[in-house]
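The chain contents come next:
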Amino acid sequence: MENKKEPGMTLIVKTITRLTVGLILLYGIYIVLHGHLTPGGGFAGGVIIALSFVHLMLAFGRETALKKLSQTKASILESLGALMFLSVALLGFLGGFFFFNFFAQKGTPFDLFSAGIIPLCNIAICLKVGAGLFAIFVALILFKNLKKKE
Amino acid sequence: MMILPLFVVIPLGGAFLLSLIGKLDKRINDALANIATFSLLVLSVFAIRYPLAGKVLVYKVGGWKPPIGICMVLDGLTSFMLVTTNLVSCLVAIYSISYMERYTDKYRFYTLFLLMLAGMNGVIVTGDLFNLFVFLEIASVASYALVAFGTEAEELEASFKYTIMSSVASSFILLGIALLYSFSSTLNMADMAWVLAQRNSSLLLYFVAVLFIMGFGLKAAIVPFHAWLPDAHPSAPASISAMLSGVVIKVLGVYTLIRIFFNLFPINKTSLSVLMFLGTVSILAGVILALSQWDFKRLLAYHSISQIGYIILGIGLGTPLGITGALFHLFNHSVFKSLLFLNSGAVVYALGTRNLQEMGGLKERMPLTANTSLVASMSISGIPPFNGFWSKLWIILACMQSGRILYAFWAVIGSILTLASFMKVQKYAFWGKLKKQWESVKEVPWPMQLAMLVLAVICILSGFLVAPFFSAFIDSAVKVILSGQGYAHTVFKMLR
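Quick mapping for you: the protein sequence lines, in order, are chains R and V.
Taking numbering that gives the first Met the number 0, the leading residue of the first sequence gets 0, the next gets one more, and so forth.
Taking numbering that gives the first Met the number 0, the leading residue of the second sequence gets 0, the next gets one more, and so forth.
One thing to keep in mind: the hints can contain errors.
Said to hold, decoys possible - Derived BS3-like pairs: lysine-lysine, alpha-carbon spacing no greater than 30 Å straight-line:
no. : chain 1 : residue 1 : chain 2 : residue 2
1   : R       : Lys66     : V       : Lys105
2   : V       : Lys478    : V       : Lys54
3   : V       : Lys268    : V       : Lys478
4   : V       : Lys362    : V       : Lys435
5   : V       : Lys105    : V       : Lys22
6   : V       : Lys478    : V       : Lys64
7   : V       : Lys105    : R       : Lys67
8   : V       : Lys492    : V       : Lys268
9   : R       : Lys72     : V       : Lys105
10  : V       : Lys22     : R       : Lys66
11  : V       : Lys105    : V       : Lys160
12  : V       : Lys426    : V       : Lys362
13  : V       : Lys441    : V       : Lys423
14  : V       : Lys54     : V       : Lys64
15  : R       : Lys105    : V       : Lys64
16  : V       : Lys22     : R       : Lys72
17  : V       : Lys423    : V       : Lys434
18  : V       : Lys492    : R       : Lys105
19  : V       : Lys105    : V       : Lys25
20  : R       : Lys72     : V       : Lys25
21  : R       : Lys66     : V       : Lys25
22  : R       : Lys67     : V       : Lys22
23  : V       : Lys441    : V       : Lys25
24  : V       : Lys362    : V       : Lys423
25  : V       : Lys492    : V       : Lys64
Calculated from the structure, these hints are not laboratory results.
I would like the entire structure built from these sequences, with the hints used as guidance.
Here you go:
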């Protein structure tokens with residue numbers, strides 16, 4: 000009871016979170032990288048990665064999570080994701096077409112490194128969606144706090 | 000061949016670059032946004048030469064062959080709409096340099112503005128029905144945020160109303176697309192037109208046509224679906240009102256209706272006469288509601304409904320003359336309505352009020368704003384040497400030609416009422432005696448003046464667009480619409 004002022008939830012939740020949050024992040028990365036082989040992809044993986052940060056924020060309080068990934072960093076990552084997606088698409092002009100899959104001859108099924116630009120696109124989408132979702136969550140929380148102060 | 004994807008790439012790239020580096024320096028914002036819009040204008044003017052030479056460009060995205068892959072099509076209608084959109088957006092971007100100084104977070108404004116532009120260019124350029132829906136949503140979502148940009152209570156309310164109604168419209172459109180996809184098992188517009196022409200599908204087509212008239216009609220603010228417009232358009236910053244009234248409702252509503260009802264579906268007399276009726280109702284309802292307004296921007300918003308009615312009426316006639324008039328009026332309206340909204344923005348910038356009764360005699364203090372708004376008012380009410388006169392004349396002549404005397408009559412009445420309402424604007428805002436509290440009012444900064452001046456010059460010059468030498472520009476667009484399912488043939492011919 001003495002650490003009541005400490006932000007976040009109880010010790011049980013914190014311990015469990017400490018154990019699971021890395022696994023959630025890893026699972027998200029797995030979904031992103033295997034986007035072209037299994038169900039999922041950039042969007043689903045990005046959401047899972049964002050959820051791992053949201054999870055951290057729920058269990059440990061706002062400051063801990065924002066130290067790991069601040070709002071400005073999230074918005075920069077979001078723009079970078081979009082720009083990366085666009086530049087991958089533009090690089091397709093090397094092969095003659097917008098969005099041309101320029102370094103894959105013919106993919107082999109169930110092979111991780113055989114899809115050319117598709118994993119790159121998935122990573123870009125993951126950055127955009129994950130950072131965007133996290134930024135939206137942070138914005139909602141900050142807004143709530145502002146209202147309380149008034 | 001390579002230029003087609005650039006119409007989407009440039010604004011998208013500009014938008015995300017701005018959101019990344021826009022915070023650093025204000026001058027970077029202005030420069031980047033204006034370079035993007037200006038290069039788009041140059042590209043779209045450059046692209047005119049393909050349809051003029053009778054060529055249709057088809058671009059396979061990612062090298063995948065349609066109907067499996069997505070294709071982009073540049074034909075007469077596309078190039079016409081691209082020029083209209085990018086002309087207005089370029090001038091609005093110049094205007095925003097000093098107008099948006101009054102708001103915070105200018106880089107966010109430019110980001111959203113360029114995203115909206117990317118969505119609109121995508122809608123125009125794409126040849127795939129679902130891709131069209133995606134771009135339509137990009138443009139719409141960006142415009143919801145832009146309507147709420149001032150974050151005052153009134154703006155948020157308008158934006159909320161707009162969001163709800165527009166989302167309902169989007170879901171109708173999505174349902175229509177889903178039904179078409181389940182029937183024809185293809186999403187490529189050319190391929191779908193082919194399938195729809197070959198199979199007997201009239202019952203489905205009636206249902207989908209109703210869904211699309213509801214959905215796209217709401218985006219275009221035709222009368223039974225217009226309730227969001229008089230709130231949303233005045234609440235946005237003036238440069239965005241100019242974009243919304245000038246091009247967004249035309250690209251998202253009118254262009255898509257034309258493309259689907261002429262090039263995708265077999266041309267159907269019933270749905271065209273529904274459009275014609277709704278257009279006439281819009282002309283009258285919009286102008287009558289506008290007459291009693293005292294809020295400058297709200298009055299202009301009601302006139303947008305009325306002028307869209309003229310365009311829809313011309314398209315609904317379905318005759319060559321009617322469609323020429325409609326497209327001509329589309330171009331003219333996007334020029335003079337955006338000019339009028341920029342004028343209202345200048346007045347708000349200088350005075351801080353939108354109420355016409357509080358203004359008066361501004362002609363002495365703001366000569367350029369007053370004179371350009373006079374040009375625009377005369378254009379919109381159809382006074383002879385200006386562009387609005389010619390396009391309305393074309394539409395009314397087309398009504399007479401196809402024997403719809405009653406529709407012609409209502410169109411004339413609508414025009415007269417428009418004149419009355421703009422005489423009110425001129426009298427209360429710019430003529431009369433200068434009120435004491437406005438004696439220290441100054442003319443607006445030069446970027447705003449430049450944008451208004453260029454638009455006023457275009458108002459006068461574009462009357463020549465139907466003159467023999469220049470008419471090839473509109474004629475190539477009209478030819479695409481009248482060819483109906485010939486659109487599918489040309490696209491497939493280019494792919495082979």
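Comparing the hints with the structure gives:
1. Lys66(R) <-> Lys105(V): Since the Cα atoms of Lys66(R) and Lys105(V) sit roughly 28 Å apart, the hinted pair holds (cutoff 30 Å).
2. Lys478(V) <-> Lys54(V): Cα-Cα ~12 Å, so holds.
3. Lys268(V) <-> Lys478(V): holds (19 Å)
4. Lys362(V) <-> Lys435(V): holds (14 Å)
5. Lys105(V) <-> Lys22(V): Since the Cα atoms of Lys105(V) and Lys22(V) sit roughly 9 Å apart, the hinted pair holds (cutoff 30 Å).
6. Lys478(V) <-> Lys64(V): Roughly 26 Å between the alpha carbons, so the hint for Lys478(V) and Lys64(V) holds.
7. Lys105(V) <-> Lys67(R): holds (29 Å)
8. Lys492(V) <-> Lys268(V): holds (28 Å)
9. Lys72(R) <-> Lys105(V): holds (20 Å)
10. Lys22(V) <-> Lys66(R): Holds - the C-alpha atoms of Lys66(R) and Lys22(V) are around 22 Å apart, at most 30 Å.
11. Lys105(V) <-> Lys160(V): Within the cut-off at roughly 24 Å; holds.
12. Lys426(V) <-> Lys362(V): holds (10 Å)
13. Lys441(V) <-> Lys423(V): holds (23 Å)
14. Lys54(V) <-> Lys64(V): holds (19 Å)
15. Lys105(R) <-> Lys64(V): Within the cut-off at roughly 16 Å; holds.
16. Lys22(V) <-> Lys72(R): holds (13 Å)
17. Lys423(V) <-> Lys434(V): holds (17 Å)
18. Lys492(V) <-> Lys105(R): Holds: Lys492(V) and Lys105(R) sit about 29 Å apart, inside 30 Å.
19. Lys105(V) <-> Lys25(V): Answer holds: Lys105(V) to Lys25(V) is near 8 Å, not above 30 Å.
20. Lys72(R) <-> Lys25(V): holds (21 Å)
21. Lys66(R) <-> Lys25(V): holds (29 Å)
22. Lys67(R) <-> Lys22(V): Given that 30 Å is the threshold and the Cα spacing comes to 22 Å, the pair holds.
23. Lys441(V) <-> Lys25(V): holds (24 Å)
24. Lys362(V) <-> Lys423(V): holds (15 Å)
25. Lys492(V) <-> Lys64(V): holds (13 Å)
Every hint from the earlier list agrees with this structure, and none is contradicted.
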